[in-house]
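This is what each chain is made of:
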Amino acid sequence: MPTAGTALEAKNLRKVYHRGAEQIVAVDDVSLTVQKGEFVSFIGPSGSGKTTLINILGCLDNATSGSLTLGNEILFAADKRMSESELTRIRRRVFGYIFQKFYLVPTLTVGENVVLPFAFYQKSADPTDPAEILRFLGLDKRIDHRPAELSGGEMQRVAIARALINKPEILLADEPTGNLDSKRSEEIGEVLRSLNKREGLTILLVTHNPRLAAIAERTITLIDGRIAG
Amino acid sequence: MKSKISIYEIAYKNLLRKKTRTLLTILGIGLSAWVLTSLFGFNQGYESALNKDIDNMGFQVLLTAKGCPYEAATLMLKGGTGLRYMNEAVFADILKNKEVEKITPMLMQAVFDPNKGESGGLNAYLGIDPATYPAMKPFLKFTQGAWFTKPQSHEAVLGYEAAELEQREVGDKILIPEKNIEYTVSGILTRSGTQDDGTIFVPIRTLQKDFKQEEKVTAVGIKVWKDADITGLENKLYELPDVQVVSMSQVKSTIMSLVSTAKVMVFSIALIAILIAMLGVVNTILMSVFERFQEIGIIKSMGAMPQDVFRMIWTETIILCTLGGAVGIGFSFALARVTDLLIRRLLPYTPTGSLVIVNGKLALATLGIVIVIGLLAGIYPAWRASRVRPLEAIRSEGE
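Just so you know, the sequences run in chain order A and B. The end of the first sequence is residue 615 by this note's numbering, with every number in the run present. The end of the second sequence is residue 430 by this note's numbering, with every number in the run present.
Okay, chain B solo, but in the shape it has when bound (with noise of 0.2 Å):
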């Protein structure tokens, strides 16, 4: 038989004595923990989607003509109308500035095609420099074919949207009737989550000559430098003549400051998540304390000092609340996916990768912030706990 017990082994045995009041104790923490790392998940993941996508852009920085759009989206909303061009002498400005390590022009066209949808439809054409734009978009894959044979050629490359709306292969052909102009299929790409998929890209040269816009882009991607100074070439940019710059850190930081408004949100509904565990789990453990009144009373007649009872109790709390903290983060792994679901819902704008990444340290983080908590919450219960004394106890049983 045993010849000694630890207050631990007695703290972790008197969690058995109402298993369904533990349990449902140690669900509340692991909602609370769940809630938690989903959280810190989401603010670590968003960011690093939205990183993501504005890499895949490119470039970091897009220089347009003063006023016209440079989202296909916006110029689709304009219904193709209200393009600005720029020359293209302006590349020789652009490259003089020594952060930039490379640009790629680009012309977009809206065109009205008759037989989209019902009533027709716009398409978005754009002129891509074939030397330049697939060195910058190194990650845009071919389900079919690929890049154009010739940076001339009457070819084009489809969005993986573009190719499933106009029912394309590789080798059949596009018609622009209003010009009369027929482009073979070379390519199709696969989904990228980006306006990229709805794009039918074509070689600027090509398309400049069949809009009659030669010498003109509409837009100029930037590539700078690692570590170069944007904000500084931003400026310098802005004070050449009739151009707008399209800063892709002030897009993250417009989206960023729409998302905060909706961190703010969750992270208060987490606040208060986290202070019901904690009343929870005081309720639950200060309950337990009053039920054992007399036990309690009988160890300290037994010898135990006040500091031993109040780390039995404590104890208690601390295993409550690692049990939840580890079950909270099982959820938060095993779910991450339906998390990243409902965010989406929930948010205007959301970046195409992984919304909510969790991950071990993110998991260590949220174990010590639930066990931390715990260890507070604990401190009264254990306290009363360790104030009863044992006459208390005796007479409470009359004589």
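This is chain A alone, in the form it adopts within the complex (with noise of 0.2 Å):
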């Protein structure tokens, strides 16, 4: 049963695709429980599930079977699947996402690329200052830069805002330093802690950075969609 602070619970989450005749089961049988303000990372060889696991975990993706339940809210069950504008709710109310590419357009400055969200929904009637995200992110002095004139660690610093915009329960960043060098991965990695430390924030982080994932309170291991320790 998930308690007062359980911020989301995954029940037998099974993941099957079909490639011609092929099944390929993506997701096998994960069960696990997050807690709020927790920060867990899953590791695992490339094609372990890693991304879809997180994708279901953070309702860009329904499973194929299991249940999932956000709080006291049961998302997707045996008998209950959701349609795409009803996960798009969700994940405006609780997700911020991160991804390895940035994703940043290329036409708006980073001010504009961090307010994004809010063309589309604002969360609460005391919006977050994107001011003040930009300077806890060291990018004060960036706000009318264009993305291309930014280095590539920026470039993830400035997703992470606009990820932070509009005040998410759970932030889920999938290989969030892929396309960085060291120095620059861990920089984002000491952003995730800070952000987990300083803010209580609950973090789900995907990566095959050993060192990064060492960050996290929590590791989960996944080899071929099941949970491995």
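In case anyone wonders, no lab produced these hints; they're calculated from the structure. It is possible that part of the hints are untrue.
To be verified - Partial selection, computed: residues in chain A whose CB lies under 7 Å from chain B:
#1 Leu446
#2 Asp447
#3 Ser451
#4 Thr474
#5 Arg478
#6 Tyr489
#7 Glu498
#8 Val501
#9 Pro503
#10 Phe504
#11 Tyr507
#12 Ala511
#13 Ala517
Said to hold, decoys possible - Only pairs whose alpha carbons sit at most 30 Å apart, straight line, appear in this in silico DSSO-like list of lysine-lysine:
#14 B:Lys33 <-> A:Lys509
#15 B:Lys44 <-> A:Lys553
#16 A:Lys553 <-> B:Lys35
#17 B:Lys33 <-> A:Lys487
#18 B:Lys33 <-> A:Lys553
#19 B:Lys243 <-> B:Lys254
Stated by the list, open to error - Restraint-style ranges between C-beta atoms, simulated for each label pair:
#20 B:Gly399 <-> A:Arg584: 52 to 62 Å
#21 B:Leu306 <-> A:Glu472: 49 to 59 Å
#22 B:Arg48 <-> A:Asp465: 40 to 50 Å
#23 B:Arg368 <-> A:Pro513: 50 to 60 Å
#24 A:Ser471 <-> B:Val403: 21 to 31 Å
#25 B:Arg48 <-> A:Arg612: 35 to 45 Å
#26 A:Asp515 <-> B:Val369: 50 to 60 Å
Ideal Cβ placement from N, Cα and C applies to all residues, glycine included.
With the hints as a guide, bring the two chains together.
See below:
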């Protein structure tokens, strides 16, 4: 049973893809619980199902079977599947996402990229001050710059700022340092750790990088779609 | 720094990514809008110019003796022969009709002038009634002189081209060699763009006497009361013996039916131009959607609903079409004269006024049409974009 402190709880999650006649089990009977304010990293070789699992946990995809509960709300179970619109409503209320590619809009400035989610949805009546987030991420001097004028690390920090603008309950980071050198990777790792420790943000991190995974409180290793440890 | 950004601002800035492509698309729409505005302007302008030309004749119905050529050009083609006459007694029969406001008698004569050109040529003399004809044609202006000093004087008023050809000025003489008659030029008209330009006007009584055609006329111009039933009058005039009725409304409808063929052709071209522009818009926006496939997916992961994405892409289309429409309308205002000249080359007969009339109302109508076309063209790309699933975008980068 999820407790008051549970951020999300997954039970017996299974995701099966069909490629022609072939059946691919990307996630196989995964059960886990993440507490509010917890920092969990998922590690494993390519094709182990890390991204598929985080997509399901982050409501970007439905599981083939199993259940997912967010707080006390059952998002999907054996008899319940969500439409794309329902998934969107939950996503914008609960999650912030960071991906390996930064997906910044090249024609917008740093400041405009950060407030981009507000064009579609503003969660609270007391919105986050974008200048404050940018200051926290060390980008306050880059507000009027275009993405093309930034380094990879700076671009990822802008993407983090954008993910945080709507005050998410859970931050999902899928290979956030995949395009960065080791120094920039460490910087991003430090930002994530700081967000978790100082702001109490729940973070789910997918990475190939054991050093980055080690900054999390808990590391889950996936092999062939199953939790190996 | 900005604390918000709108979907419309994002849409506008998206168009700045590929400036050349955006510019070319706007230009394509602009050219179509130009063709469309010019066509509508032509539709409006041609009819109004034709009406003006017919109004400039001063009368709406022309009565001639059966078989008599009623245009100077036809008379020239016939070598000045074939003139038929009506007796002045016909005036009373015409004036009996309540639709008739006033009439003006005319006597046309063609005279061979051996000094005209290299091997001589015909001069068209038109005998007119100084009491009624100038009043029916108040728009005729003089570069020199004025109408005749007396109703039966031996004076002539020359059309603009006739004066140039004869190289005459006010006070000069014009001689009809075969009759040994001289007329003194009392006035020279400004160019009107009608057959009046090549005509030599003489008082009708003088011409009747000089050509021994007393009490004879070749045509009677009939001005009808405003809102009178012209067709009804024409039917009554047909009952008069040995006359033919030339209705200017018939002339107009004959010309308009000739022009309508050209119009159909030009409208077809415009339709094709619009379809091409529409496909251009679909292509531009669709390419832009495909290029931003991942980005649109990420926007949806941020919380954008399908209708938000649809609105964003649709706005891009509307911006393109509005700008294109404005450019096209600008072209049509700036190049109305060039379009006029082009159309004059294409058509066998064109009236004298402006053939293409572009005004604010027409510009707004065209802009409206172009925007509606843009809205339609934007539906498919916007729908495709709204259906992008964030997961597809993320998967497309691989695990």
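Cross-check of the supplied hints:
Interface restraint check: A:Leu446 against chain B, minimum CB-CB distance 5 Å, threshold 7 Å, status holds. Interface restraint check for A:Asp447: the shortest CB-CB distance to chain B comes to about 5 Å, inside 7 Å, so the restraint holds. The criterion of a C-beta within 7 Å of any C-beta in chain B is not met by A:Ser451, whose closest approach is roughly 18 Å, and the hint is violated. Restraint check, A:Thr474 versus chain B: the minimum CB separation of about 6 Å is within 7 Å; hint holds.
At a threshold of 7 Å, the smallest CB-CB gap from A:Arg478 to chain B is about 3 Å, leaving the interface hint in force. Because the beta carbon of A:Tyr489 sits about 4 Å from the nearest beta carbon in chain B, less than 7 Å, this interface hint is met. The beta carbon of A:Glu498 is positioned within 7 Å of a beta carbon in chain B (closest approach about 5 Å), and the interface hint is therefore held. Below 7 Å, beta-carbon pairs count as interface contacts, and A:Val501 has one with chain B at about 5 Å; its hint therefore holds.
The beta carbon of A:Pro503 comes within 4 Å of a beta carbon in chain B, closer than 7 Å, and the hint placing it at the interface holds. Restraint check, A:Phe504 versus chain B: the minimum CB separation of about 5 Å is within 7 Å; hint holds. With a cut of 7 Å, the hint placing A:Tyr507 at the interface with chain B holds, because the nearest CB-to-CB distance is about 4 Å. For A:Ala511, the suggested interface contact is broken, since its CB lies about 13 Å from the closest CB of chain B, more than 7 Å.
Proximity of A:Ala517 to chain B holds as hinted, the smallest CB-CB distance being about 5 Å (cut-off 7 Å). For the suggested pair B:Lys33 and A:Lys509, the alpha carbons sit about 17 Å apart, so the restraint of at most 30 Å is met. Taken as a hint, the B:Lys44 and A:Lys553 pair is honoured in the structure, with Cα atoms around 26 Å apart against an allowance of 30 Å. With a C-alpha separation of about 15 Å, the suggested pair A:Lys553 and B:Lys35 falls inside the 30 Å cut-off, and the hint holds.
The straight-line distance between the Cα atoms of B:Lys33 and A:Lys487 is roughly 24 Å, inside the 30 Å bound, and the hint therefore holds. A threshold of 30 Å between alpha carbons decides the hint, and for B:Lys33 with A:Lys553 the separation of about 18 Å falls inside it, so the pair holds. In summary, the hint linking B:Lys243 to B:Lys254 is supported, as the alpha carbons are separated by about 28 Å, within the 30 Å threshold. B:Gly399 and A:Arg584 have their C-beta atoms about 56 Å apart, which keeps the hinted 52 to 62 Å range intact.
In this structure the supplied range 49 to 59 Å is violated for B:Leu306 paired with A:Glu472, their Cβ-Cβ distance being about 40 Å. As the Cβ distance of B:Arg48 to A:Asp465 is approximately 45 Å, the hint placing it in 40 to 50 Å holds. At roughly 56 Å, the beta-carbon separation of B:Arg368 and A:Pro513 lies within the given 50 to 60 Å, and the hint holds. About 29 Å separates the C-beta atoms of A:Ser471 and B:Val403, a value consistent with the hinted range of 21 to 31 Å.
Taken as a hint, the range 35 to 45 Å holds for the pair B:Arg48 and A:Arg612, whose Cβ atoms sit roughly 43 Å apart. Evaluation of the 50 to 60 Å hint for A:Asp515 and B:Val369 yields a pass: the beta carbon distance comes to about 57 Å.
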